[in-house]
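Peer 1: Protein sequences, first through last, are from chains C and U.
When we follow the working numbering, the leftmost residue of the first sequence carries the number 1, and every step to the right adds one.
When we follow the working numbering, the leftmost residue of the second sequence carries the number 1, and every step to the right adds one.
Among the hints, a few may not be true.
[Said to hold, decoys possible] Below are the SDA-like pairs computed for lysine to any residue, each with C-alpha atoms no more than 20 Å apart in a straight line: (1) K18(U) / R125(C); (2) K18(C) / R125(U); (3) K18(C) / S156(U).
No wet-lab data here; the hints were simulated from the structure.
2 protein chains.
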Amino acid sequence: MVTGHVFIATSLDGFIAKPDGDIEWLISRDDPNEDHGYNDFIKTIDGIIMGRRTFEKALTFDSWFYTVPVIVLSKTLSESDVPEHLRNKVQVSNLSPRNLMSQLEKGGWKRVYIDGGQTIQSFLRENLITDLVITTVPVLIGEGLRLFGSLTDDISLILTKTRAFPSGLVQSEYKVCK
Amino acid sequence: MVTGHVFIATSLDGFIAKPDGDIEWLISRDDPNEDHGYNDFIKTIDGIIMGRRTFEKALTFDSWFYTVPVIVLSKTLSESDVPEHLRNKVQVSNLSPRNLMSQLEKGGWKRVYIDGGQTIQSFLRENLITDLVITTVPVLIGEGLRLFGSLTDDISLILTKTRAFPSGLVQSEYKVCK
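Throw the hints in and build the complete structure from the sequences for me.
Peer 2: Pasting the structure below:
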């Protein structure tokens, strides 16, 4: 079965970006000399599912950041919204989370990186997340885009690892109880 | 100067209680054989400031939990709302956070435990919190009373300690940058 995996940073008060998408509060506290495990994580991943907002943020960076195939989950975007130079790297899908995962499984994918607050929330609600690596940044930003959202039931987690970095980042890994 | 200190547990998605105040999700994951440091913390504290909701929750427990003086910050309660057997342990105040802290300082208090979401939020906004011990419970509950709230400015924190417990609780200690 194809599995969904989260690897994301959040402020201590649970935001992944300011209301306008700004992540300066995160970047300014990220010591590039610290290895937070992203490269090791991404090596295990067949591709990324992200929402429209995360995709649009990624388009603002100087160069395309992702080294694995990206699927943008959106009901409003279409393939024509993907810049031409990215069309071999980015697809758009309007499938439901479950149907998209089934399609990817048929395509041979095993491990999918689920990115972006809304997308993570919808995959959690559908019980499509296997584990989460949450890196907490030592700052309160007060408002913004939330990592987590409403649920129909509590989701129990099992802590598998915690480590603190000299920068003050705390990274905890959780498995979702099935 | 009198200083404010937070020691609180939160779900991974940032709630300190369900919408109705329920904390069964917390109690059921709290291993009483684990020492999370509350007793050592409370020994350093001259008294507690809490909000009405936290006070009303504390009144539902079988016996009065707190071993130090409690001040309930409320604009609606008065001394007559304090049960008679607690009147030597609990006071009600409608002072502003800053004025209350000044009053306590004149009374010789040095370290005050600030408890409850709304109360912690208002003291953070007034820059009256020196440090926070946040214990994260491995569960997502989806909705409820939030630990943190809106701010006028970002609040930078310095991580001073992190430890993980076999139960899956992760406790991080932060100093507030002044």
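Peer 1: With reference to the structure, classify each hint as holding or not holding.
Peer 2: A quick look at each hint next to the structure:
| no. | hint | in the structure |
| --- | --- | --- |
| 1 | K18(U) / R125(C) | holds, 18 Å |
| 2 | K18(C) / R125(U) | holds, 18 Å |
| 3 | K18(C) / S156(U) | holds, 15 Å |
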